[in-house]
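K.L.:
The listed protein sequences derive, respectively, from chains A and B.
In terms of the working numbering, the first sequence is residues 92 to 206.
In terms of the working numbering, the second sequence is residues 172 to 282.
No wet-lab data here; the hints were simulated from the structure.
A portion of the hints provided could be inaccurate.
Unchecked claim - Partner residues aside, some chain B positions facing chain A, computed with beta carbon under 7 Å:
#, residue
1, Tyr-196
2, Ile-264
3, Gly-266
4, Thr-274
5, Gly-275
As the list claims (entries may be wrong) - Result set (DSS-like, lysine-lysine): computed pairs, CA atoms no more than 30 Å apart in a straight line:
#, chain 1, residue 1, chain 2, residue 2
6, B, Lys-213, A, Lys-146
7, A, Lys-146, A, Lys-105
8, A, Lys-111, B, Lys-239
9, B, Lys-269, A, Lys-132
10, B, Lys-269, A, Lys-146
11, A, Lys-155, A, Lys-111
12, A, Lys-157, B, Lys-269
13, B, Lys-239, B, Lys-269
14, B, Lys-213, A, Lys-155
As the list claims (entries may be wrong) - Label-pair ranges, simulated between beta-carbon atoms:
#, chain 1, residue 1, chain 2, residue 2, range
15, B, Glu-186, A, Lys-155, 41 to 49 Å
16, B, Ala-282, A, Ser-164, 45 to 53 Å
17, B, Asn-238, A, Pro-99, 36 to 44 Å
18, B, Gln-231, A, Thr-204, 34 to 42 Å
19, B, Arg-222, A, Met-136, 21 to 29 Å
20, B, Thr-240, A, Thr-148, 39 to 47 Å
A quick note: this is a predicted structure, and the numbers were derived from the prediction, not measured.
We treat Cβ as the ideally placed atom computed from N, Cα and C, and that holds for glycine.
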Amino acid sequence: GAVVSQHPSRVICKSGTSVKIECRSLDFQATTMFWYRQFPKQSLMLMATSNEGSKATYEQGVEKDKFLINHASLTLSTLTVTSAHPEDSSFYICSAPTASDYEQYFGPGTRLTVT
Amino acid sequence: GESVGLHLPTLSVQEGDNSIINCAYSNSASDYFIWYKQESGKGPQFIIDIRSNMDKRQGQRVTVLLNKTVKHLSLQIAATQPGDSAVYFCAEIPGTYKYIFGTGTRLKVLA
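Between the sequences and the hints, there should be enough to build the whole structure, so can you do that?
P.N.:
See below:
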């Protein structure tokens, strides 16, 4: 079946630095991808919709200048956490829709720790 | 038994027993629902789905029940195994692709 990968799987960075997380669809094209954030023991919260060739759509309360999204190709979306702070530490998960109307494939997630 | 922790309720079940995980959804316009399993440090894994024109769907060892009257979804796992231990999320889809995840339930299988 279709696979979505994320890189890196884990990253530790210092406060004030920026971190880039990649999301790739490995054997299918995705004009749309989604970025979620998950705090420990909590559910997935949609952050933004990444659109190939156009601007991302952010959910209410998500700072677009803080979480930069670039969907430069049909198989790659990147999320950059700028000027990271400890409160940005979280599990970030991306997903991409399948050919069906509703189903998505989820990536394995990226654990970000900001020290 | 079932307990509510700080954020994630936990359901503890003896190995071999059946598990029932419940979910309340919010949007009566949602026409597609999915149950996901998430193991620690991993992304969600698809288990089973159901459309709003159905009230029951069965898979291998799993059954999803949908009650649209009370906006309730349940996942039944038969003969629960240690490998079933994980966090389970329901997701409702009110529009194309946009998922709304439930709060999740941690399933602990006791040997």
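K.L.:
Next, verify each hint and record whether it holds.
P.N.:
Evaluated hints:
With a least beta-carbon distance of about 13 Å to chain A, the hint placing Tyr-196 of chain B at the interface is violated under the 7 Å criterion. For Ile-264 of chain B, the interface hint holds, the least distance from its beta-carbon to any beta-carbon of chain A being 5 Å, beneath 7 Å. Proximity of Gly-266 of chain B to chain A is violated relative to the hint, the smallest CB-CB distance being about 9 Å (cut-off 7 Å). Against a cut-off of 7 Å between C-beta atoms, the interface hint on Thr-274 of chain B holds, since the closest Cβ of chain A lies about 5 Å away.
The criterion of a C-beta within 7 Å of any C-beta in chain A is met by Gly-275 of chain B, whose closest approach is roughly 5 Å, and the hint holds. Among the hinted pairs, Lys-213 of chain B with Lys-146 of chain A is consistent with the structure: their alpha-carbon atoms are about 28 Å apart, no more than 30 Å. This hinted pair checks out: Lys-146 of chain A and Lys-105 of chain A have alpha carbons roughly 28 Å apart, not beyond 30 Å. Between Lys-111 of chain A and Lys-239 of chain B, the direct Cα distance comes to roughly 41 Å. Violation of the 30 Å bound is thereby established for this hinted pair.
Between Lys-269 of chain B and Lys-132 of chain A, the direct Cα distance comes to roughly 22 Å. Compliance with the 30 Å bound is thereby established for this hinted pair. Straight-line distance between C-alpha atoms of Lys-269 of chain B and Lys-146 of chain A comes to about 17 Å, which keeps the hinted pair within the 30 Å bound. The hinted pair formed by Lys-155 of chain A and Lys-111 of chain A meets the criterion: a straight-line CA distance of about 14 Å does not exceed 30 Å. In summary, the hint linking Lys-157 of chain A to Lys-269 of chain B is supported, as the alpha carbons are separated by about 22 Å, within the 30 Å threshold.
Only pairs whose Cα atoms come within 30 Å are accepted, and Lys-239 of chain B paired with Lys-269 of chain B is accepted, the gap being roughly 19 Å. At roughly 26 Å between alpha-carbon atoms, Lys-213 of chain B and Lys-155 of chain A fall within 30 Å of each other, so this suggested pair holds. In this structure the hint that Glu-186 of chain B and Lys-155 of chain A lie 41 to 49 Å apart at CB holds, the actual value being about 47 Å. For the pair Ala-282 of chain B and Ser-164 of chain A, the beta carbons lie near 47 Å from each other, so the given range of 45 to 53 Å is met.
Look at Asn-238 of chain B against Pro-99 of chain A: about 42 Å separates their beta carbons, and that is inside 36 to 44 Å. At roughly 37 Å, the beta carbons of Gln-231 of chain B and Thr-204 of chain A sit within the given window of 34 to 42 Å. A hinted range of 21 to 29 Å holds for the C-beta pair Arg-222 of chain B and Met-136 of chain A, which are about 25 Å apart. At about 33 Å, the CB distance of Thr-240 of chain B to Thr-148 of chain A disagrees with the hint of 39 to 47 Å.
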